[in-house]
Amino acid sequence: MRIISQSPAKLILTGEHAILNNIPALSIAIDLPTICEINFTNQTNNIYFDIELANYQQKVSESFAILNNLAIAIENRFYKYSNNSLPIQSVLKQPIDLIIICIYHFQQKHTLKKGNWQIKIMGHNFPARGLGSSAAVIVTVLYSLYKQNNINIDKEEVLKLATTIENRQHGNSSGLDLATILFGGLIKYQPQQPIKFLPAKTFSAWFIDTGIGEDSTGQAVNFVQQHFNRSHNIWQEFKQVSQQIERAWLEQDTIKMQTAIRYNQQLLEEIGVVPNRVKHFLNKLNTTSTTAGKICGSGAISGKAAGVILSIGKPPFSLCQEYDYNIYPININNQGVYCEVVN
29 MRIISQSPAK LILTGEHAIL NNIPALSIAI DLPTICEINF TNQTNNIYFD IELANYQQKV
89 SESFAILNNL AIAIENRFYK YSNNSLPIQS VLKQPIDLII ICIYHFQQKH TLKKGNWQIK
149 IMGHNFPARG LGSSAAVIVT VLYSLYKQNN INIDKEEVLK LATTIENRQH GNSSGLDLAT
209 ILFGGLIKYQ PQQPIKFLPA KTFSAWFIDT GIGEDSTGQA VNFVQQHFNR SHNIWQEFKQ
269 VSQQIERAWL EQDTIKMQTA IRYNQQLLEE IGVVPNRVKH FLNKLNTTST TAGKICGSGA
329 ISGKAAGVIL SIGKPPFSLC QEYDYNIYPI NINNQGVYCE VVN
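251 is the number that the working numbering gives to position 223 of the sequence shown; each next residue is one higher, with no gaps.
Source of the hints: derived by calculation from the structure; they are not laboratory data.
Treat the hints loosely; a few may be bogus.
What the hints assert, rightly or not - Restricting the straight-line Cα-Cα distance to at most 30 Å, the calculated cross-link-like pairs of lysine-lysine (DSS-like) are:
#1 K142 <-> K183
#2 K332 <-> K342
#3 K229 <-> K137
#4 K175 <-> K108
Stated by the list, open to error - Label pairs and their computed distance ranges (CB to CB):
#5 M29 <-> T282: 44 to 54 Å
#6 N177 <-> E103: 17 to 27 Å
#7 I283 <-> T139: 51 to 61 Å
#8 A93 <-> Q280: 13 to 23 Å
#9 T316 <-> Y356: 15 to 25 Å
#10 K342 <-> T72: 55 to 65 Å
#11 G143 <-> H260: 48 to 58 Å
#12 T316 <-> A93: 52 to 62 Å
#13 T139 <-> F345: 46 to 56 Å
#14 K87 <-> N362: 13 to 23 Å
#15 N362 <-> P222: 17 to 27 Å
#16 T287 <-> N112: 35 to 45 Å
#17 D281 <-> D78: 47 to 57 Å
Every residue, glycine too, gets a C-beta built ideally from N, C-alpha and C.
Could you build the full structure based on these sequences and the hints that come with them?
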């Protein structure tokens, strides 16, 4: 049987880093697909995997027993990270480790059918930019595994399992990326609280690619947590921004939205996750009256790039050309992840 699952990407309107301090975040799913194709044949009494990551030209062909041993090694490294004896970027050493740990944790909860498994992952062209690429991979792989093993898909169960897996990638996953990709549309998300689904509205916006940051999400998150503890006043300012952006969305008030976006960017600069080159670009962008922008995702604490920027209003083509940044229109995805059987 051949199963294809497809997930959108995500953009955070507000809540980067603040979500880990229990501040509500607003996140939107956008049409940049990640696709997982799984072919299964039950021609053997063993479990054997062929895994291909098309974007990385990486392939692995191994028995489940060998993959299981690799996954146990990853779990041991995550244990060391949890005890502050290993950096988070050393837990998953190569992109394919994320697929291996997905299979491992799925098998811990459910039983894989015996046979040959062929898994192929095809992502979009903007990995490591703050668009939830790892979350999209996790969700598509899990959805395909659930479907192939004839297990009823409960999104809340998938979210919980996916969060456990994403912790191995980022260290401390809030679940925000995963929830956005699972459900689609615009959501208001806060840990331990029910997800609030905001109504679909017109959204004239762009994303601007500044390139891949030198720091991983885990590194940026750890930096902020070390320098701004949970009781720091800045998190209440992030909460105010979240309220302002939600209100502007519901009222379809572009001016209020742009004002809040600019304020949000100032706060992200205060916590130190905006490299100087990106900061200078956004300072120019945000001094205009027609456009407002902010970084999306964890940002970066060093280097010249910080992933993607969300830009609302008139597209700043000339400014992007000055900085050699590419700019793309945003199309909202209201469906979230979906899965189909292909004959």
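A quick look at each hint next to the structure:
1. K142 <-> K183: Holds, at roughly 25 Å.
2. K332 <-> K342: holds, 25 Å
3. K229 <-> K137: violated, 38 Å
4. K175 <-> K108: violated, 34 Å
5. M29 <-> T282: 44 to 54 Å: holds, 48 Å
6. N177 <-> E103: 17 to 27 Å: Given range 17 to 27 Å: holds, Cβ gap about 22 Å.
7. I283 <-> T139: 51 to 61 Å: Distance hint for I283, T139 holds at roughly 55 Å.
8. A93 <-> Q280: 13 to 23 Å: violated, 56 Å
9. T316 <-> Y356: 15 to 25 Å: At 19 Å between Cβs, range holds.
10. K342 <-> T72: 55 to 65 Å: For T72 against K342, whose Cβ atoms are near 59 Å apart, the range 55 to 65 Å holds.
11. G143 <-> H260: 48 to 58 Å: At roughly 52 Å between Cβ atoms, H260 and G143 fall inside 48 to 58 Å, so the hint holds.
12. T316 <-> A93: 52 to 62 Å: holds, 59 Å
13. T139 <-> F345: 46 to 56 Å: holds, 54 Å
14. K87 <-> N362: 13 to 23 Å: violated, 34 Å
15. N362 <-> P222: 17 to 27 Å: About 19 Å separates the Cβ atoms of N362 and P222, which means 17 to 27 Å holds.
16. T287 <-> N112: 35 to 45 Å: At 40 Å between Cβs, range holds.
17. D281 <-> D78: 47 to 57 Å: holds, 52 Å
Taken one by one, the earlier hints fail for this structure at numbers 3, 4, 8 and 14, listed in ascending order.
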